[in-house]
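**Student:** Protein chains in written order, with the working numbering: chain A, 1 to 281; chain B, 1 to 281.
The set of hints was computed from the structure by calculation and includes no laboratory data.
Heads up, some of the hints might be wrong.
All copies of an identical chain are treated as equivalent in the list; a pair is satisfied when it fits inside any one copy or across any two copies.
Stated by the list, open to error - Calculated lysine-lysine pairs in the BS3-like style (CA-CA distance at most 30 Å, straight line):
| hint | residue 1 | residue 2 |
| --- | --- | --- |
| 1 | 162 | 232 |
| 2 | 270 | 207 |
| 3 | 102 | 171 |
| 4 | 171 | 77 |
| 5 | 102 | 258 |
| 6 | 255 | 76 |
| 7 | 228 | 101 |
| 8 | 258 | 79 |
| 9 | 162 | 16 |
| 10 | 45 | 232 |
| 11 | 19 | 42 |
There are 2 protein chains.
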Amino acid sequence: MIVLRNVKKVREIINKVKKRGDTVGFIPTMGALHEGHISLIKEAKKNTSFVVVSIFVNPTQFGPHEDYRKYPRNFKKDKEILKQEGVDLIFYPNVKAMYSKKFSTYVEEIELSKYLCGKRRPGHFKGVCTIVAKLFNIVLPDIAYFGQKDYQQAVIIKRMVKDLNFSLKIKVMPIVREKDGLALSSRNTYLTSHQRKEALSLYHALKLAYRMVKNKKQPPTIIKAMQKLIKKEAPSSKIDYINIVDPFTLQDVRKIEKRVLVALAIYIGKARLIDNMLIKR
Amino acid sequence: MIVLRNVKKVREIINKVKKRGDTVGFIPTMGALHEGHISLIKEAKKNTSFVVVSIFVNPTQFGPHEDYRKYPRNFKKDKEILKQEGVDLIFYPNVKAMYSKKFSTYVEEIELSKYLCGKRRPGHFKGVCTIVAKLFNIVLPDIAYFGQKDYQQAVIIKRMVKDLNFSLKIKVMPIVREKDGLALSSRNTYLTSHQRKEALSLYHALKLAYRMVKNKKQPPTIIKAMQKLIKKEAPSSKIDYINIVDPFTLQDVRKIEKRVLVALAIYIGKARLIDNMLIKR
Numbered sequence: 001m002i003v004l005r006n007v008k009k010v011r012e013i014i015n016k017v018k019k020r021g022d023t024v025g026f027i028p029t030m031g032a033l034h035e036g037h038i039s040l041i042k043e044a045k046k047n048t049s050f051v052v053v054s055i056f057v058n059p060t061q062f063g064p065h066e067d068y069r070k071y072p073r074n075f076k077k078d079k080e081i082l083k084q085e086g087v088d089l090i091f092y093p094n095v096k097a098m099y100s101k102k103f104s105t106y107v108e109e110i111e112l113s114k115y116l117c118g119k120r121r122p123g124h125f126k127g128v129c130t131i132v133a134k135l136f137n138i139v140l141p142d143i144a145y146f147g148q149k150d151y152q153q154a155v156i157i158k159r160m161v162k163d164l165n166f167s168l169k170i171k172v173m174p175i176v177r178e179k180d181g182l183a184l185s186s187r188n189t190y191l192t193s194h195q196r197k198e199a200l201s202l203y204h205a206l207k208l209a210y211r212m213v214k215n216k217k218q219p220p221t222i223i224k225a226m227q228k229l230i231k232k233e234a235p236s237s238k239i240d241y242i243n244i245v246d247p248f249t250l251q252d253v254r255k256i257e258k259r260v261l262v263a264l265a266i267y268i269g270k271a272r273l274i275d276n277m278l279i280k281r
Numbered sequence: 001m002i003v004l005r006n007v008k009k010v011r012e013i014i015n016k017v018k019k020r021g022d023t024v025g026f027i028p029t030m031g032a033l034h035e036g037h038i039s040l041i042k043e044a045k046k047n048t049s050f051v052v053v054s055i056f057v058n059p060t061q062f063g064p065h066e067d068y069r070k071y072p073r074n075f076k077k078d079k080e081i082l083k084q085e086g087v088d089l090i091f092y093p094n095v096k097a098m099y100s101k102k103f104s105t106y107v108e109e110i111e112l113s114k115y116l117c118g119k120r121r122p123g124h125f126k127g128v129c130t131i132v133a134k135l136f137n138i139v140l141p142d143i144a145y146f147g148q149k150d151y152q153q154a155v156i157i158k159r160m161v162k163d164l165n166f167s168l169k170i171k172v173m174p175i176v177r178e179k180d181g182l183a184l185s186s187r188n189t190y191l192t193s194h195q196r197k198e199a200l201s202l203y204h205a206l207k208l209a210y211r212m213v214k215n216k217k218q219p220p221t222i223i224k225a226m227q228k229l230i231k232k233e234a235p236s237s238k239i240d241y242i243n244i245v246d247p248f249t250l251q252d253v254r255k256i257e258k259r260v261l262v263a264l265a266i267y268i269g270k271a272r273l274i275d276n277m278l279i280k281r
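Excised from the complex, chain A in its bound form (with noise of 0.2 Å):
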């Protein structure tokens, strides 16, 4: 396994991997990696015969008010995990590596970013969108793996690959969850046992929807009793967004016909946690 923080150096060994044609897996994360991420490798590792993971707490893409500084940096057992995968490159750049002082280019999408999380942190996919189009362009991958939990993060990097004609094709694999439900995140480190315990409720308030989903209830509805379980269920968290909104365009349904994407914000403490369902009618 080659350890690298050089574009340049990245890139003589990708054109070197491609002459022999070899096929390029990427799976670009913030380090912090956990069975989430290992699902993505494990996925490129069958799909592809060269697996490039790229561990970049990426400044661009949190909001001042966020938690760029205190997010989980563990290189060390970060490194551990992906040697044992059997992965082929890691690309750890530093923050100057990626942004120059006179640094002035961004992507951004501007349609799905404008809903859910979008919504909620202003730059955050333009953020995500310019990292992820300079990593496609460093790597130069054949396919690229991103996860479900970030939903809406992956039908716009799908849209931004369509958009500005990259050569690759973009793979989503399922939410992992930890045995009881939560969803895996590298922010779910950030709560104490009691949060812990409350974090549960977006499962469970998911759980719920789906039920609804299926007997027939409307979005009205089923927000306020996903609400109310919320609030019971973990009574010092903080909603920030609940929506039932279409799969494709990310817009609120007012009435649901077919399948929908369910998709919550909710603050435990300090840690602001995603989660999402797709649910068929």
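Got chain A; can you put chain B on it based on the hints?
**Tutor:** Chain B only, in chain A's frame:
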């Protein structure tokens, strides 16, 4: 010479060509080709083994009251020229092929775009960066060629290539002028024979600036003299801007100490003409 209108087919050819070891030279154009474009093609023919020219009048780089509709289009003549120059592939997409209905991703440079033409044509360079990023991802050139006549465009594209880690080189070629000094431009076709004479005032103003810089005059004096010359030689003209700027930052220079860029945009009738000159003190 191959002519393709379809993105996927271009990609297929480029992949084939790269596999056999060719290097790709690329000249993005809006057609209405002239000796300026041809100088870029000739350079590409020297440096690379497979030369691609795109012809696409890009709607997103025109403002709502600009000349998108009447911009000169003459594919038949352009094709003849490109054949004679030994171009290997023309990419000639239509608007739908480049901008799907759901298109919503843009590339924007936000620092260098604040000045000169960027100030006068809001959104112009966002349109340019977006289409050029798309074309780079489709054509995957080793070297892309731009003309110095669009000086600001060239430095912004260079910035974008660095910032977004495109794996290619940008080569900027000198302005090609008519015998009397008028910079070649597709928009020169808009000029009546009277306006054609008035249009020469741009070059004369730049030559005046050249002499004045060499004579240690400073920007306010030089710009006033240029304005006076233009008003005299082209009484019906309208000055859009005349600036003396740092060639790297594009910011106004107060006191000339090293090399400067003198840049101007002038309306001659309905034609907005631009020209520039790099002048060393």
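**Student:** Each hint needs a verdict: does it hold in this structure or not?
**Tutor:** Right, here's what the structure says about each hint:
1. 162 <-> 232: neither (43 Å within a copy, 51 Å between copies)
2. 270 <-> 207: Cα proximity of residue 270 and residue 207: one copy only (24 Å, versus 64 Å across).
3. 102 <-> 171: Close across copies (20 Å), not inside one copy (33 Å); limit 30 Å.
4. 171 <-> 77: within (26 Å within a copy, 44 Å between copies)
5. 102 <-> 258: Cα proximity of residue 102 and residue 258: across copies only (21 Å, versus 48 Å in one copy).
6. 255 <-> 76: Result: close neither inside a copy nor across copies, 49 Å intra and 53 Å inter.
7. 228 <-> 101: neither (48 Å within a copy, 40 Å between copies)
8. 258 <-> 79: neither (43 Å within a copy, 50 Å between copies)
9. 162 <-> 16: both (27 Å within a copy, 22 Å between copies)
10. 45 <-> 232: neither (43 Å within a copy, 71 Å between copies)
11. 19 <-> 42: Answer is both; intra-copy 24 Å and inter-copy 29 Å each pass.
Checked against the numbered hints above, the structure violates hints 1, 6, 7, 8 and 10; every other hint is satisfied.
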